[in-house]
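Q: Spelled out, the chains give:
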Amino acid sequence: MFEMTRSEDGTIRLKGRFDAAQVEAHRADFEGIATSCVLDFAELDYISSAGLGLLFATHKRLVDAGGGLKLVNLKPYIRELFDIAGFDRVFAID
Amino acid sequence: MPSERSFPKAIASLDEVFSHLESFYSAESIDPRTAMAMSLVVEEIFTNLVKYNTASKNPIVLRIGRDGDHVHLELVDRDVDRFDPSTLPEVNIDAPVAQRRPGGLGLHLVRAIVDHISFEYEDRVMRVAVIKNLERGDV
Chain A
6 MFEMTRSEDG TIRLKGRFDA AQVEAHRADF EGIATSCVLD FAELDYISSA
56 GLGLLFATHK RLVDAGGGLK LVNLKPYIRE LFDIAGFDRV FAID
Chain B
49 MPSERSFPKA IASLDEVFSH LESFYSAESI DPRTAMAMSL VVEEIFTNLV
99 KYNTASKNPI VLRIGRDGDH VHLELVDRDV DRFDPSTLPE VNIDAPVAQR
149 RPGGLGLHLV RAIVDHISFE YEDRVMRVAV IKNLERGDV
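Top to bottom, those sequences are chains A and B. Start counting the first sequence at 6; every next residue gets the next number (this note's numbering). Start counting the second sequence at 49; every next residue gets the next number (this note's numbering).
Wrong hints could be hidden among the right ones.
[To be verified] Cut-off 16 Å, straight-line C-alpha distance, at most; resulting in silico cross-link-like pairs (EDC-like, lysine to aspartate or glutamate): (1) B/K99 / A/E29; (2) A/K80 / B/D79; (3) A/K80 / B/E64.
If you are wondering where the hints come from, they were derived from the structure by calculation, not from laboratory data. Predicted model only: the values in this text are computed from it and were never measured.
Isolated chain B (complex conformation) (with noise of 0.2 Å):
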């Protein structure tokens, strides 16, 4: 059964958001390297929560369970206009560095970590879903 969590939509929320995540990584016996990699994934998705869908100031739902050797994340903003964060160019890695731009590395990192993300908007809702691997060497 997934635990469902809502924190205010603020960067100031990371600690607390962090916090819960700790609990369910020590509940769940996670390794410290797969830790680090959701946390990171939780952060990008949140952080560009709070900082596109600025249309209302709705907690953010945050749903984390474990499905055997998965990990189910989900994070719910709700009453914002759409915002799909899968349009954005991709970052380019191979850039010399007086060509790289800020921007779009968070979602690279992202995509990189995790086995499967979907964004869905629907009634005004935007739903990010992740599903995480916990039996994959990398990060």
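Bound-form chain A, shown alone (with noise of 0.2 Å):
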């Protein structure tokens, strides 16, 4: 299960395990960030190459646009794959 919510200060904070299938189900929300924003991962258990793929498509429309996503409370595990897909050096990460 995945799950994404927005707080009042405008960040995105993201739970669960975001697979191939939850990437599916939620591409349209990703597509719905118009603006910069926060994506908090502190409840995020598990991330794969379409997850990655959806939040590189987000970040890059937004950095067209001037913006991005900044990506806060990544577990280590999750920041090694970023590491890894050499993202570290495409995100703000925090």
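Take the two lone chains, each set in its own frame, and fit them into one complex as the hints suggest.
A: Below, the structure written as structure tokens:
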């Protein structure tokens, strides 16, 4: 199961498993992100290349518009995947 | 003795695949970090077989077993055309954002995580086998 919720301050919190099936179920939610925002990974337990790809496409669209995504609270093994993918040099990660 | 189970050839099977893997991790006391990495490996290979081996709707067979400090995984896809993922171009992780293209990332992650991967195709059967060393400190 995967959930994304937006806080009052605009932060989007990701929770659960972001696998290929969940990417298809939530693609429209990410396409609806229109402005720069923070994605909080604190409760995200799993992500695959499908999830990474959707995050990248969202970030790239926002970068082209002069903004971008900022990622916070990544679990160590998820951060390691970002490093392997070269996404540590693509996203702003705190 | 490796366990063997078949799953419908569809992305929607992933929940069932993960559930099966969780039982294996629990039985073999696999740590959460390695479990996450193994699940990612299976998802990437499984979804590639679903997306690229479209010639048949046969179920995909997943075999998983442990031999000491190593986990052996095999995914088998029957009655399919030849598709060799190892011939796909490497993803360029150093490319700037504007020049990065989708595709190839899954196999890149799999190669970084596992200690051995092989692709075999014979008699219209595709077999992808991987070995993961449980003693590795990274993913």
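Q: A separate judgement is required for each hint: does it hold in the structure or not?
A: Hint by hint, here is what the structure shows:
1. With a C-alpha separation of about 14 Å, the suggested pairing of B/K99 with A/E29 holds against the 16 Å cut-off.
2. Pair hint A/K80 plus B/D79 holds up; C-alpha atoms about 15 Å apart against a cutoff of 16 Å.
3. With a CA separation close to 25 Å, the supplied pair A/K80 and B/E64 exceeds the 16 Å bound.
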